[in-house]
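Construct all of the structure, not just a fragment, from the sequences and the given hints.
Here the protein sequences line up with chains Z and R, keeping their order.
Note that the first sequence ends on residue 115 in the working numbering; no numbers are left out.
Note that the second sequence ends on residue 1114 in the working numbering; no numbers are left out.
Hints listed in this document are in silico derivations from the structure and should not be mistaken for laboratory results.
The beta carbon of each residue, even a glycine, is placed where N, CA and C say it ideally should be.
Each statement offered as a hint is correct.
Distance windows between CB atoms, simulated:
no., chain 1, residue 1, chain 2, residue 2, range
1, Z, 20, R, 1039, 25 to 33 Å
2, R, 1109, Z, 9, 17 to 25 Å
3, Z, 115, R, 1056, 43 to 51 Å
4, R, 1066, Z, 63, 38 to 46 Å
5, R, 1054, Z, 15, 44 to 52 Å
6, Z, 27, R, 1016, 37 to 45 Å
7, R, 1114, Z, 115, 34 to 42 Å
8, Z, 20, R, 1016, 41 to 49 Å
9, R, 1028, Z, 52, 29 to 37 Å
10, R, 1106, Z, 56, 19 to 27 Å
11, Z, 3, R, 1053, 23 to 31 Å
The following residues of chain R were derived to be distant from chain Z, with all beta-carbon distances above 12 Å:
no., residue
12, 1012
13, 1013
14, 1056
15, 1058
16, 1061
17, 1075
18, 1082
19, 1083
20, 1086
21, 1111
The primary structure of each chain is shown beneath.
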Amino acid sequence: DTGVSQNPRHKITKRGQNVTFRCDPISEHNRLYWYRQTLGQGPEFLTYFQNEAQLEKSRLLSDRFSAERPKGSFSTLEIQRTEQGDSAMYLCASSLEDRITYEQYFGPGTRLTVT
Amino acid sequence: AQSVTQLGSHVSVSEGALVLLRCNYSSSVPPYLFWYVQYPNQGLQLLLKYTSAATLVKGINGFEAEFKKSETSFHLTKPSAHMSDAAEYFCAVSDNTNAGKSTFGDGTTLTVKP
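What follows is the structure in C-alpha cells.
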C-alpha cells in the first residue's frame, strides 16, 4: 500500500493558462474524490468517481473544470483558462466501496497558484 | 443537507494540558463522523471515525472523541498535549446516502506552548 499520490505537488501558472493535475489512488480502491481547499477553510467536495464513472459534480465545478478517470485507475483534473480565484490546494482521496464507513484516504495535495 | 461547525478557529494549550476541540454537526440521517489532522503543506490524515458503533471512539496518537446525539456533537479530546500535536484539525460528516463524500468544518488550528 503506497498511499494516494498526487502530481505535481506545486504548480504556478499565469492567468488564462490550462493546468492538469494527476491523482493515483490506492490500487484496490474503486472510489476517487476531488476536493478543493482554500486558505483557512476545510476541503470542499468537487466531484467523485466510482470506477471510471463520474457520478456527481459539485456546483463549484464550473465549465472550466473537467475530471476524468480512464479505466478506473488514476484520475486527472484539468482547469482551463485559469483565474486567480482557482488558487487553492486540490486534494484527492480514495476509498473502497464500503457501505459501513466510506473511510477516505487523502493524498498530499497539489497547491495551485495563479498569478 | 449536512453541515459541520467547529467552534474556535484557534485553540492554544500548554504542553501536558488537556486538548478539547469542538465539533457540532447537522445531518438528516444517521451520520458518520470523522476527525482529520493536517500538517502544513500535507494532505489529511484520519485520526478517528464514528460509524454508529461505540459512542466513545479512540483514535491514533492518544486522541478520542465522543458522539453525543442529543447534543449533535463530536468533540475531540486528548488528555495531555504534546508539541507534535500542533496542527490543523478538521471535523467531517458523511452518511450512507451521499456515496461517502464528506462535508468538512473550517478547521481548528491547535497551538501547543512549551
